[in-house]
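Based on the provided sequences and hints, a complete structural model is requested.
Residue numbers (this note's numbering), protein chains in the order written: chain Y, 1 to 251; chain W, 1 to 251; chain R, 1 to 251; chain G, 1 to 251.
There's no promise every hint is true.
[As the list claims (entries may be wrong)] Derived SDA-like pairs: lysine to any residue, alpha-carbon spacing no greater than 25 Å straight-line:
1) W:Lys141 <-> G:Glu162
2) G:Lys247 <-> R:Lys141
3) R:Lys141 <-> W:Asp177
4) W:Lys141 <-> R:Lys141
5) W:Lys237 <-> Y:Lys50
6) R:Lys247 <-> G:Glu166
7) Y:Lys50 <-> Y:Leu251
8) W:Lys247 <-> Y:Lys50
9) R:Lys237 <-> G:Glu162
[To be verified] The calculated label-pair distances, taken between Cβ atoms and stated as ranges, are:
10) W:Gly83 <-> Y:Glu101: 52 to 62 Å
11) W:Asp32 <-> Y:Ile165: 48 to 58 Å
12) W:Thr62 <-> G:Val243: 53 to 63 Å
[Said to hold, decoys possible] Selected chain Y positions facing chain W (in silico; Cβ < 10 Å):
13) Arg7
14) Phe69
15) Ser72
16) Trp95
17) Gly113
18) Ala117
19) Gln123
20) Glu202
21) Ala208
22) Ser223
23) Leu241
24) Leu251
Worth flagging that the hints you see were computed from the coordinates, not collected in a lab. Source: prediction; values computed, not measured. The C-beta atom is built at its ideal place from N, Cα and C for all residues, glycine as well.
4 protein chains.
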Amino acid sequence: MTSSPIRVGVLGHTGRMGAETVRAVEGAPDMDLVATVGSSDDPAALVEAKADVVVDFTRPDTVMGNLEFVLSHGMHAVVGTTGFTDERLAQLRSWLADRPELGVLIAPNFALGAVLAMRFAQQAARFYDSAEVIELHHNRKADAPSGTAAHTARTISQARAEAGIEPGGDATVSEVDGARGADLGDVRVHSVRLPGLVAHEEIMFGAAGETLTIRHDSMDRTSFMPGVLLGIREMPKRPGLTVGLEKVLDL
Amino acid sequence: MTSSPIRVGVLGHTGRMGAETVRAVEGAPDMDLVATVGSSDDPAALVEAKADVVVDFTRPDTVMGNLEFVLSHGMHAVVGTTGFTDERLAQLRSWLADRPELGVLIAPNFALGAVLAMRFAQQAARFYDSAEVIELHHNRKADAPSGTAAHTARTISQARAEAGIEPGGDATVSEVDGARGADLGDVRVHSVRLPGLVAHEEIMFGAAGETLTIRHDSMDRTSFMPGVLLGIREMPKRPGLTVGLEKVLDL
Amino acid sequence: MTSSPIRVGVLGHTGRMGAETVRAVEGAPDMDLVATVGSSDDPAALVEAKADVVVDFTRPDTVMGNLEFVLSHGMHAVVGTTGFTDERLAQLRSWLADRPELGVLIAPNFALGAVLAMRFAQQAARFYDSAEVIELHHNRKADAPSGTAAHTARTISQARAEAGIEPGGDATVSEVDGARGADLGDVRVHSVRLPGLVAHEEIMFGAAGETLTIRHDSMDRTSFMPGVLLGIREMPKRPGLTVGLEKVLDL
Amino acid sequence: MTSSPIRVGVLGHTGRMGAETVRAVEGAPDMDLVATVGSSDDPAALVEAKADVVVDFTRPDTVMGNLEFVLSHGMHAVVGTTGFTDERLAQLRSWLADRPELGVLIAPNFALGAVLAMRFAQQAARFYDSAEVIELHHNRKADAPSGTAAHTARTISQARAEAGIEPGGDATVSEVDGARGADLGDVRVHSVRLPGLVAHEEIMFGAAGETLTIRHDSMDRTSFMPGVLLGIREMPKRPGLTVGLEKVLDL
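Listed below in structure tokens is the structure:
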């Protein structure tokens with residue numbers, strides 16, 4: 001049995017992520033791209049084209065209006081636009097209460113590999129008292145560590161605490177300032193910056209006689225597309241509000 | 001609240017794994033080593049010492065007798081001895097039916113990192129159509145690929161099939177014989193053999209713009225001890241037969 | 001003391017490598033881009049602009065005519081165009097005999113990292129009886145192993161032989177076909193193909209208790225530019241014909 | 001033509017390195033172990049056994065007396081004992097002036113891979129404005145960074161300066177304290193400490209579109225033996241004082 005293709009509309013199709021989404025949907029055999037709507041276009045095109053799912057990569061100041069329109073016209077939504085406060089999420093839940101058959105995915109990170117790496121780190125943290133994170137980025141990056149690495153460290157720290165494991169620590173007594181990295185919740189984080197690098201994260205766990213390493217290498221924004229496509233496929237099957245791609249992965 | 005220490009007995013304490021277990025239990029703050037029994041010793045020492053949990057690293061020809069004794073005297077068991085056929089497992093279940101409060105763990109691999117790597121590979125396989133395995137061992141190893149790598153490849157292949165994902169394949173049209181590795185269920189496995197290596201496995205998943213890598217490095221048999229200790233801690237709480245350390249990890 | 005900038009002309013500036021060269025020269029503080037010449041343009045522009053060094057990224061059928069013009073007008077040359085046979089190199093040497101003050105660099109690979117990795121592999125091969133190569137590329141690549149990896153294996157094999165070292169071999173007696181990779185001169189080469197990869201080569205040497213690894217990761221063709229710029233800087237100082245960027249590196 | 005085996009004596013054969021040397025010499029087909037001398041033994045045994053080369057892994061307070069004896073009896077020396085000041089080296093040169101046919105190697109580090117990695121880093125530093133060092137050790141190590149990593153950073157910094165290259169720097173404006181590692185001569189050094197690690201060093205160079213990585217993994221002290229054996233083979237051919245294994249490698 002073959003299902004009919006999912007009819008997809010894209011809001012913000014001229015932006016970098018929107019344009020990438022257009023290409024990805026066009027390349028997906030189980031989807032049809034039926035409408036693209038830019039900032040000066042009428043979103044009614046989505047309704048006329050009978051879109052099943054609408055992807056939104058627009059701006060924080062327009063996304064809520066877009067979602068109100070999309071949901072009121074019975075379409076599911078996959079949202080990569082940022083800026084979702086608790087108030088906005090509450091508003092979304094209220095709209096969805098009136099349309100219990102619709103699904104909305106809000107995801108700050110669509111890279112499957114990044115989401116999986118974070119989840120694996122969380123799982124491994126329950127079994128190791130020692131972990132460190134090395135993140136490597138191009139030398140134009142302004143912050144160190146990266147937001148993802150800081151979030152990973154916090155996730156490990158919290159999972160370890162919940163499992164009742166004391167951090168293992170180390171025996172350093174003589175340190176050149178900074179050598180042991182940044183201390184985020186007893187997880188050391190090291191930030192490497194070099195031209196030629198793109199965006200890489202390595203999470204290492206150690207115990208007597210072994211190490212376990214989880215590494216994610218991200219080369220460009222095409223890496224977000226499998227996550228976007230997965231969201232498109234899943235929303236018709238997952239009514240209600242879903243926050244975070246990891247929820248869709250059923251890990 | 002502090003629990004009283006778990007009272008641990010070790011069968012086969014003069015073997016390499018048994019000796020390592022003795023050291024590990026002695027180093028665990030929540031355990032007391034109360035008895036060690038070699039091949040010519042009387043296992044009654046376990047009963048006299050009031051062991052809660054007995055670890056067995058003996059031989060296939062003695063392990064079933066040991067377990068019958070251990071269970072009939074109301075002790076839990078953690079077993080690293082090999083040779084468990086379906087018949088033996090059925091026998092164990094029958095004994096446990098009479099002692100429903102007891103727990104037995106049978107595990108072919110106690111290395112937490114190896115078990116976690118396998119589990120993560122299985123989880124990731126549902127989201128990637130392309131995966132390859134590189135395993136690296138010392139140059140005295142007789143088989144290629146390693147049993148673990150072959151098992152990993154089969155696990156990926158099966159998880160991918162269950163998720164309905166077709167293997168991604170590659171565009172190789174000109175190949176020097178062997179360059180693309182061994183094909184195990186559409187997962188290519190590469191075996192590197194060099195002096196200086198110990199036992200390493202790297203599992204790589206790729207999608208547009210990103211790769212996800214899971215790596216396990218094993219240096220020596222101390223790496224099995226956290227798994228053994230975990231089994232000791234869990235068996236009193238997990239009545240019945242448990243096969244495979246991964247079951248205890250609740251991933 | 002500050003030298004005056006090197007005056008650079010580019011032949012083939014509309015091709016991918018030529019365009020990249022234009023950007024690189026424009027960004028180099030010690031160079032001035034003084035002329036760009038496409039396939040339908042008059043190369044006399046190079047002379048009028050008083051170029052010191054001319055970079056040629058054109059085609060095999062035009063490069064010899066270009067070089068004859070460049071040398072006869074007293075300009076140095078850096079050439080990335082392919083197709084240099086022994087006859088062509090002899091012709092170049094004959095032209096240079098008349099202009100002993102001029103330098104010409106012919107280089108098939110301008111990536112500094114690739115050239116250095118090859119050179120380091122050659123140096124290390126004299127001290128290790130065991131080496132393997134893992135090359136990792138995107139899944140659209142047609143050949144396995146890559147030309148670079150095959151060349152690396154041959155280089156190691158030859159350096160080892162010259163040092164009088166017998167290949168160390170391994171103890172494999174049971175192999176799934178292909179697991180141990182392609183055998184190129186007693187150096188095993190493994191080719192990994194995954195979407196998300198770009199072009200990577202890892203050369204591993206092993207001896208008792210240690211391994212030495214040299215790895216080159218190439219993301220895009222900007223990686224060729226430091227080598228091109230180095231060639232531009234060096235040719236005025238290195239009269240005669242130089243074949244291969246490694247000659248310029250003075251390793 | 002087959003040479004007769006090199007006759008080797010070992011001073012300090014009961015220490016850890018001395019014992020390892022005994023095993024290594026016994027396993028070398030081109031060497032004969034002819035004498036072993038402990039701290040309470042008479043070194044005359046070396047003379048009686050007609051040793052060609054004597055290896056010294058003793059203590060700083062005995063090594064000079066040993067070397068005076070060894071040289072005065074016409075034997076070459078390979079020395080891993082530490083504590084060689086400029087005064088001691090001057091004394092050695094004075095003794096060797098009287099015996100110009102003899103060779104002495106003083107080496108603080110006999111691991112071939114470590115010496116090669118350092119040398120390659122020095123060579124690469126001339127071509128990259130950006131480099132970072134990641135060193136990874138077991139969690140019982142007292143100092144961070146390791147002495148080898150600090151030495152590597154200084155070597156890179158110096159080679160870069162000699163080549164007239166300004167350090168590339170990075171764009172970090174917001175840093176959690178320590179994230180960017182220790183700054184040693186404009187080379188950032190990151191120290192990872194985890195149980196399960198042994199001794200590893202990774203040196204990364206980056207330029208537009210590429211990275212070059214040199215990595216050394218050391219598992220145990222057997223890794224020093226190829227360097228010791230090389231020293232034994234080379235000293236009869238290299239009269240005079242040689243300081244540092246890298247001098248013997250002819251890189």
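We went through each hint and held it up to the structure:
| no. | hint | in the structure |
| --- | --- | --- |
| 1 | W:Lys141 <-> G:Glu162 | 46 Å, violated |
| 2 | G:Lys247 <-> R:Lys141 | 42 Å, violated |
| 3 | R:Lys141 <-> W:Asp177 | 16 Å, holds |
| 4 | W:Lys141 <-> R:Lys141 | 31 Å, violated |
| 5 | W:Lys237 <-> Y:Lys50 | 55 Å, violated |
| 6 | R:Lys247 <-> G:Glu166 | 23 Å, holds |
| 7 | Y:Lys50 <-> Y:Leu251 | 32 Å, violated |
| 8 | W:Lys247 <-> Y:Lys50 | 47 Å, violated |
| 9 | R:Lys237 <-> G:Glu162 | 18 Å, holds |
| 10 | W:Gly83 <-> Y:Glu101: 52 to 62 Å | 55 Å, holds |
| 11 | W:Asp32 <-> Y:Ile165: 48 to 58 Å | 21 Å, violated |
| 12 | W:Thr62 <-> G:Val243: 53 to 63 Å | 59 Å, holds |
| 13 | Arg7 | 21 Å, violated |
| 14 | Phe69 | 31 Å, violated |
| 15 | Ser72 | 33 Å, violated |
| 16 | Trp95 | 30 Å, violated |
| 17 | Gly113 | 4 Å, holds |
| 18 | Ala117 | 6 Å, holds |
| 19 | Gln123 | 5 Å, holds |
| 20 | Glu202 | 9 Å, holds |
| 21 | Ala208 | 4 Å, holds |
| 22 | Ser223 | 3 Å, holds |
| 23 | Leu241 | 22 Å, violated |
| 24 | Leu251 | 6 Å, holds |
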